[in-house]
Amino acid sequence: MQIIYSAISISVPLLLAATGGLFCELSGSLNIALEGLLLIGAFTSVVAAHFVGNVFLGVLIGMSCAMLLSYIQAIITFKMKANMFIAGLAANLLASGLCTVLSFKFFNNKGVVVFNDVQKLKVLNFPIPGQTIFTYIALLLLVVSYFVLYKTPFGIHLRCCGKNETALVSLGLKPDFYRVTAYIISGATCALGGALLTLNLGSFVPNISNGKGWMALVIIFLGNKNPWGLLAASLVFGLADSFSNFAQGALNVPADFILAIPYIFTLIAMLVFSIIVKKKKEFK
Amino acid sequence: MSVAIEFCDISKTFLSNNLQACKNVCLKIEQCEILCIAGENGAGKSTLMKMLDGLEAPSEGVIKIRGKSVNIQSPLDANKLKIGMVHQHFMLFDDFTVAQNVTMAIEPIKNKLFYDKKKAEEEVGKVINGYGFSIDSKELVGNLTIGQKQQTEIIKMLYRKVDFLILDEPTAVLTEKEIDALFENLISLKKEGKTIILITHKLKEIKRISDRVAIMKKGELVGVYDTSSLSEFEISSLMFDGGVSLGISRTENAFKAEKPVISFKNVTVQKVNLPRPSLDNVNFDAFPGEILGFAGVGGNGLGFLEGVLSGIIKVSSGKIFHKGKEITSFETKALRKDGLSYVPSDRLGTGSAASLSVAENLIVNSLSEFTQKGILQKDKIEEFTDEMLGNFSVSGTKEVPISSLSGGNIQKIILAREIERVKDYIIFSEPTWGLDISSSQFVYKQIEKLRDKGVAILLISSNLEEVLSLSDRIAIFCKGRIVKMFDNEGKISRHEIGDYMLAQKSDYKEGENE
Amino acid sequence: MNKKQSVFKNIINTGIPFVIMISLGIVIILSFLLSATPFKTLRYFFFGSFQNLYYFGNMLNSAIPLVFGGLGISIAMTSDNFNLGGEGQVYSGAFTTTIVAVALAPLGIFGGIIALLAGTLLAGIIGGLSGYFKMKWSTSELITSFLLSNAIVLIVNYLITGPFLDPETNLLATRKVPEVMRLQKILPPSSLSTGAIYAVIAVFLVYMFMYKTRTGYELRVCGANPRFAVYGGLDVKKNMVLPMFISGAFYGLGGGLAIYGTFFSCMKEFHVGLGWNGLAVALIARFKPKAVIPAAIFFAWIGSGAKIAMQRCDVTLEIASIVQAVVFFLITCEVFQRNYFKKKEELACK
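Chains as they are written, first to last, in the working numbering: chain A, 162 to 445; chain B, 605 to 1118; chain C, 9 to 358.
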């Protein structure tokens, strides 16, 4: 049973990142910088909390930083017509470079930085044992996203960007606006996901995101680009991760292999997904 | 009649390719009239109207609405000025309802945040009924017919309370019956006080519906005339350099007795997610020295026919033969080896690679002739390219990317490549779409030469004029079936052909081979 | 306009000088922000590599794997294949070369060549695997190559620090490659090896391959317009696996030569950045083989400058990755902006 509770809490950052990424994907442009945004959110939230002395403010500052990075990435991709994969790559590199450089600058330490003065997140045991408040924030955000995407004009227009951009332009709407906003939203949600990771530990670990941003992308596709599917897919990944942690403790598998598991799992999930899509015949 | 819209010395030059689309156009449009803007492709008609709709901005000059200068920066601005445009390619979202499409960008809102679905459907329903249309506002646009989709576009504009309705080539995808319905609607809209501007190059329609016609040629306004004062020939002369009648000379087929080159036997293509087959029990034979024309309204199977013939679409059942050899399951690569020559409808997307040079585009289907032990033979390639450029009258160098050539010249290169290597059959799909008169005539001459040489020609075209003027035999497609196959001897009227195209009539019998 | 002037104009038109200026501007800003001695930092960053033969030769030496990576990526990208697995491919290629070389020590130079081929082949297979997935199941090779690479880096880490650890040193590295297999130094006291000559030869070979051979032509057509390639009757499936294999192989070759020429044993994570820098080099070179060498030297210069500045001053190496990211951002705007205008024109023609 412990594995299940652990799975739920592990799936939270994935769900948060995937929710933001969903907005991007539905608006017709995949954001591959979720990984970098998670990292930036993780780093800046805990560092800001340390300097400001307040966890809540720290998270807000963290969100702002991630939103800024995603805004820059969006402007370069859409206003300057860059290739969105490479721009996303650059954002990821920038994120990891910045974290190391700033960590070195402020704390003279490129490795694990422990913040004893930052309050760790409280563990809440009701209604689901072993969770933090972030679990419920994530669920709330998911429900809000559903309403925004399917019940408001903004969401309807955003989804139309992904379907028929020219039609949107002919109506006088600007697709780029929705895409840039989607990127900023993903920055915000990823920051929350990243903040959860560091605030849980009270320290910043280099590469703490470790592939979670990439798993979020796969979750979006496995979940059929639909909020409830996202929830299910995140739980699946959470279970996989939770089980591998258990394996590390119980079975004697080298640490590097455990770290490699998210990537291998994501790879296999992607392949399985492709095979399924391929098998769905288009013609009898 | 008062002047409602005035174009004052409007010029437009596109910066990316330095094309001057409009030159000093001065046009007055009156209230309560139906005005046709006529001209060939590339004359500047669409660009001029897009400036009225806010999709393009004039480089020079001013637009005045009711005497006041206006600056139209987006379609929303245009709507506010009571101007609306129905585009040639539908701007609709198939996954959404008619109501959602019509109210897109100006949706009714409840509780300050949410889309009010009920109100939208009600209000749109009112507009639909008010103007005498008969579409259900709750229906998904994807389920509508082409004619209904166009009606949705018009309703979209009427919902925005436009007084000036611009329609860009509206009849391109309609059947005769749907055109009749459209024109009835336009006339009743005019009676209600609206101004209709029709962009078209179809002479018969200009004569039929418009009060005045403004003729554009190469970006300039040639003149505005009362339609009743000009004949079709006169209009055509003003549009083109000299009133040219296109076509080829029809001769007796010297190869008639020979066996068919391509045979389709009970070919069916069924997409898993559609209820109806896209191609349904198609049977025909294509003979050498004959032009077999395939006609039909867009969406009725011509595209799938093209896809099957070129090896891109898989057949669900039935067989295809090439001179007795079965080629049913052959993909493009195998068909090429087997002797396929194919001029596709999508010139830039399929028929050429924009960033590669002319020479590199020319050799793709005959690489073995130009390589030795894996190395490209530069001299041979250059020689061949020069020869092709000369034979097909294309001006330009072989080194530049093909995208820098005009549409007509790109088509000539594609023709050169396919005709040069033709074996015993060739497929043409929409061969003169978007081309000017002289390029179209050139294409027809090439087709004529091929026919005289004994090549079997399969001509797929949504341009009925073209099919009628070129083909020896014609097959009419409707809903994926061949509903009529006949010799082109002028015995069947245009209206009857239209009936076949719209399933009013059909020769198709279940399970019968032709 | 004479030829010299038009070449110059072409270079300016690509915006590359603009990109270079901006990225150097970033370096200047970062130095001021992060260093207590910004001018000293900048001096070492910009000019440190030219101070003496040691730094200069080392800078050129670090460009060698970048040339190979850049060539491989150029081949992949001109046929529309994104290989983001460079890091894993360099690392695994280098590792394989090292341990096979050590194992085949008795065979001398012959064994060295086999080992190099083994590393190249393995890295090629890893790259080709992504291409295979794309061919069979249309899985994005961009994502699979990246994921595979991350996993492989971790596995190789484990292998180096575990079963293949060299017991005789304190470093986290494998045993050293036999002396007879190591490359000659051509500019002592720096580490610049004959690998540089191989790099130049490679550029020439790749250029000939892409523009003079049939396969090169087919790859270029597949990249220019995949639908056109199918329509023309080309074997598109083969052209998904081959370029990915080739670019993986080039990365592996670069890694192997780096071991033979510079490192002599496979140290844990010695490869970091080589994969991404190879990609950046290819982007700056706009995938043209002829431009890969200048682009590689530019990047090597940035890395070398950062290293020297780090050694002498108080900044950290990762400045280079920030600059690199900025270069990526700017380059991708430039390179793809022109394609965007081309596409807009195509649509306008319709």
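Keep in mind that the hints were calculated from the coordinates and are not lab data. Values in this document were obtained by computation on a predicted structure and should not be read as measured data. One or more of the hints may lead you astray.
[To be verified] Residues from chain A that face chain C, not an exhaustive set, calculated with beta carbons under 8 Å:
#1 Asn244
#2 Leu250
#3 Leu254
#4 Gly258
#5 Lys271
#6 Gly272
#7 Asp278
#8 Ile294
#9 Phe418
#10 Ala421
#11 Tyr424
#12 Leu432
#13 Lys439
[Stated by the list, open to error] Here are some of the chain A residues that sit facing chain C, going by a computed Cβ distance under 10 Å:
#14 Met162
#15 Ile165
#16 Leu400
[As the list claims (entries may be wrong)] Which stretches of chain B does chain C cover? Using the computed rule of at least three CB atoms under 8 Å from a CB of chain C, they are:
#17 781–791
#18 824–835
#19 968–975
Don't be surprised by glycine CBs; every beta carbon is placed ideally from N, CA and C.
Here's how the hints hold up against the structure:
1. Proximity of Asn244(A) to chain C holds as hinted, the smallest CB-CB distance being about 5 Å (cut-off 8 Å).
2. Interface restraint check for Leu250(A): the shortest CB-CB distance to chain C comes to about 6 Å, inside 8 Å, so the restraint holds.
3. Because the beta carbon of Leu254(A) sits about 4 Å from the nearest beta carbon in chain C, less than 8 Å, this interface hint is met.
4. Satisfaction of the interface hint for Gly258(A) is found here, the shortest Cβ-Cβ separation to chain C being roughly 4 Å, below the 8 Å cut-off.
5. With 8 Å as the threshold, the beta carbon of Lys271(A) comes within range of chain C, its nearest partner Cβ sitting at about 7 Å, so the hint holds.
6. Proximity of Gly272(A) to chain C is violated relative to the hint, the smallest CB-CB distance being about 12 Å (cut-off 8 Å).
7. Given the 8 Å rule on beta carbons, the hint for Asp278(A) is violated: about 24 Å separates it from the nearest Cβ of chain C.
8. Annotation: interface hint on Ile294(A) violated; nearest CB of chain C at approximately 31 Å, more than 8 Å.
9. With a least beta-carbon distance of about 6 Å to chain C, the hint placing Phe418(A) at the interface is held under the 8 Å criterion.
10. The restraint placing Ala421(A) at the interface with chain C holds, with a minimum CB-CB distance near 4 Å, inside the 8 Å limit.
11. Among the interface hints, the one on Tyr424(A) holds; its C-beta lies about 4 Å from the nearest C-beta in chain C, closer than the 8 Å criterion.
12. Taken as an interface hint, Leu432(A) checks out: its beta carbon lies about 6 Å from the nearest beta carbon of chain C, inside 8 Å.
13. Here the hint on Lys439(A) is kept, as its CB sits about 5 Å from the closest CB of chain C, short of 8 Å.
14. For Met162(A), the interface hint is violated, the least distance from its beta-carbon to any beta-carbon of chain C being 30 Å, above 10 Å.
15. Given the 10 Å rule on beta carbons, the hint for Ile165(A) is violated: about 26 Å separates it from the nearest Cβ of chain C.
16. A cut of 10 Å between beta carbons decides the hint on Leu400(A): the least distance to chain C is about 19 Å, and the hint is violated.
17. With 0 residues bearing a CB less than 8 Å from a CB of chain C, the segment 781–791 of chain B misses the requirement of three and the coverage assertion fails.
18. Judged by the Cβ-Cβ criterion of 8 Å, the segment 824–835 of chain B is not covered by chain C as claimed, because only 0 of its residues qualify and three are needed.
19. Judged by the Cβ-Cβ criterion of 8 Å, the segment 968–975 of chain B is covered by chain C as claimed, because 4 of its residues qualify and three suffice.
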